[in-house]
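Construct the entire structure; sequences and hints are all you get.
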Amino acid sequence: MLKNIYLLTFCVLAFPFLTVAQAVFSEQAQSIGFDHEFKARALMGGGAAFFDYDNDGDEDLYVTSGLDKDELYRNNGNGTFTKVLADVGFSITQNYNTMGVTTGDIDNDGDRDIFIATWERFEGSEQPDARSLLFLNNGNGTFSEIGEQAGITHEAFAMGAVFLDYNKDGYLDVYVLNHIQEVIFTYDNSGAVDGLAHECYPNFLYLNNGNLTFTEVAAQLGVDNQGCTIAAIATDFDLDNDLDLYLANDFGAFIVPNNLYENNYPEDLFSNASEATGTGIEVFGMGIAGGDYDHDQDLDYYVTNIGRNILLENLNNIFVDRTTEAGVENATVPEEDNLNTTGWGTAFFDVNNDTWEDLYVANGRIPTLPAFATAISDPDKLFLNNGDKTFTDISDEAGVSDPSYVHGMAYSDYDEDGDLDIVTVVLNELGGYSKFYINETENDHHYLQLHLIGVETNRDAFGSRAWVYADGLVLVKEIYGGGASHASQHTSVLHFGLGDHTAVDSVRIEWTNGHVDLIENPEVDMRHTIVESVEVSTTEARKAELSIVAAPNPFTDHLELIAGRDWTGTALSVRLMSVEGRTVFHRELPFTGQTQLDLPDGLAKGMYLLELTTDEGAREVLKIIKK
Numbered sequence: 002m003l004k005n006i007y008l009l010t011f012c013v014l015a016f017p018f019l020t021v022a023q024a025v026f027s028e029q030a031q032s033i034g035f036d037h038e039f040k041a042r043a044l045m046g047g048g049a050a051f052f053d054y055d056n057d058g059d060e061d062l063y064v065t066s067g068l069d070k071d072e073l074y075r076n077n078g079n080g081t082f083t084k085v086l087a088d089v090g091f092s093i094t095q096n097y098n099t100m101g102v103t104t105g106d107i108d109n110d111g112d113r114d115i116f117i118a119t120w121e122r123f124e125g126s127e128q129p130d131a132r133s134l135l136f137l138n139n140g141n142g143t144f145s146e147i148g149e150q151a152g153i154t155h156e157a158f159a160m161g162a163v164f165l166d167y168n169k170d171g172y173l174d175v176y177v178l179n180h181i182q183e184v185i186f187t188y189d190n191s192g193a194v195d196g197l198a199h200e201c202y203p204n205f206l207y208l209n210n211g212n213l214t215f216t217e218v219a220a221q222l223g224v225d226n227q228g229c230t231i232a233a234i235a236t237d238f239d240l241d242n243d244l245d246l247y248l249a250n251d252f253g254a255f256i257v258p259n260n261l262y263e264n265n266y267p268e269d270l271f272s273n274a275s276e277a278t279g280t281g282i283e284v285f286g287m288g289i290a291g292g293d294y295d296h297d298q299d300l301d302y303y304v305t306n307i308g309r310n311i312l313l314e315n316l317n318n319i320f321v322d323r324t325t326e327a328g329v330e331n332a333t334v335p336e337e338d339n340l341n342t343t344g345w346g347t348a349f350f351d352v353n354n355d356t357w358e359d360l361y362v363a364n365g366r367i368p369t370l371p372a373f374a375t376a377i378s379d380p381d382k383l384f385l386n387n388g389d390k391t392f393t394d395i396s397d398e399a400g401v402s403d404p405s406y407v408h409g410m411a412y413s414d415y416d417e418d419g420d421l422d423i424v425t426v427v428l429n430e431l432g433g434y435s436k437f438y439i440n441e442t443e444n445d446h447h448y449l450q451l452h453l454i455g456v457e458t459n460r461d462a463f464g465s466r467a468w469v470y471a472d473g474l475v476l477v478k479e480i481y482g483g484g485a486s487h488a489s490q491h492t493s494v495l496h497f498g499l500g501d502h503t504a505v506d507s508v509r510i511e512w513t514n515g516h517v518d519l520i521e522n523p524e525v526d527m528r529h530t531i532v533e534s535v536e537v538s539t540t541e542a543r544k545a546e547l548s549i550v551a552a553p554n555p556f557t558d559h560l561e562l563i564a565g566r567d568w569t570g571t572a573l574s575v576r577l578m579s580v581e582g583r584t585v586f587h588r589e590l591p592f593t594g595q596t597q598l599d600l601p602d603g604l605a606k607g608m609y610l611l612e613l614t615t616d617e618g619a620r621e622v623l624k625i626i627k628k
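Counting in the working numbering, the sequence shown runs from 2 upward without gaps.
Calculated directly from the structure, the hints in this document are not laboratory data.
Keep in mind that a hint or two might mislead.
Claimed, not checked - Simulated crosslink set (DSSO-like; lysine-lysine; CA at most 27 Å straight-line):
1) K624 - K606
2) K70 - K84
3) K628 - K606
All values derive from a computational prediction rather than experimental measurement.
As structure tokens, then:
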């Protein structure tokens, strides 16, 4: 790949554009080295996450395995994967019933860490509910499970988790989605089951303290929902530049409907906006897709369900059910006497690069009350966006109508050929195995991909949004930190189909912390890496918020760190990173007010990011230049 660094800390990863005709996929899991099945208990769980665990520039794949050990697949960069067979730290997952996965850089050190939601821990014949698992990426291809020392100690039945920076301090917090604590049925006068009254675990919100520890704060922030949440999306539904939470709650008609929590930032509090916004729908909530399906520059949502799914169109922050008009009910299976579907993972994404967000639904049976009886053979669905607020079901023609017990679903352009591919996590019930669908659509459409790296914002840029402007066309997308598509996490690379547009006028990035970057005339049919721009003087030292001066700037072989006040007794973490976010130098040192840093020999000339973090969590990132 070719690399060029622009003045606005703007990198371009160029790769040949392959012509991409109607949406067609081929299932190639075995041939590309993806050999996975999910061993479930009670038909629960099953998630996948695309992320670059080894920082080699392509996206790898982590999948939970339920009662088996989870699996990590390394992307070989040639369209295939290699299963990582060595114990790189995940052997502990064999002792847990793993449900969902989400990844994020919890310490902003340039590599992705992994959060695993679990249901049970196996201790002999006992199956007690368990804490979730947190794997710290060691930066050398291995991981360390640090959950207990990090404060991830609460035991529950967790289905998934969401990484988000709800308080905009630059560190990723974790919202954990918890399910049933006690199964309770209700009965009619004849003694037959007629409803559900399960007790559900409260959801957890772990505040990132900035030092690899977390504090659970859900109750005091008002988000300790007890609706048996299965999926959630951290999204800025009202575009006020803070992250809200929309929850898909199971058994909604019996226990707690879906809830939308509005972030009251800068106050540490959320308000329940479900009734006011029309989002408090009563469903068996399983998964959520977020996207601008109608090109009106706001975010709409799709919720999967047992039976009829629901498409919510955003009309000035009031949400209206447009499911039937749009043709995306996915309600019953005609071939199975019109028994109900069971929808799980889902996504809005442009499968044919025509600018319009298409819709995928992963279907897989789970038994339920007789009144909601579900089909055994329940094929996945791909709905093609017609550009007029309607969709066409092309599942059979596209080759994705798998009738297995499918739960998790995630997408990525893992082979970097300019179109989006799909993985589905399939339960091994009835002999099912997980699927990998390669996008083989052929047409002359163009695309643009954006990989965002935060500096003052969390490094993964979760919660940031990008607008693409191209000759009157306006497209908007948001980066999600997992948890929305059932137990799974899509790629964090934003993919914009451009149709016949051969040029883009500009791209506007609104970072989570409020900073805005504008990139003019980016080249199309390429992946661009954009590093958050921060004001910096290259001719004189810049004083950080920590009152520390780094000089000289530009530098040659060393830097002086000089404090404007007494820092005696403070531990300081010093990290020098490339503009792509790769760590090239890291040192922990006691800091009393002044020290000299001797930097590694052979550093290439150019711009670097200098991150300074105290043991109290105060953090500043400076741009410096090697001359």
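Holds or violated: K624 to K606, with C-alpha atoms at most 27 Å apart | 13 Å, holds
Is the hinted pair K70 and K84 satisfied, with a Cα-Cα distance of at most 27 Å?
-> 13 Å, holds
Restraint check for K628 with K606, where alpha carbons must lie at most 27 Å apart = 5 Å, holds
Hint compliance for this structure: no hint is broken.
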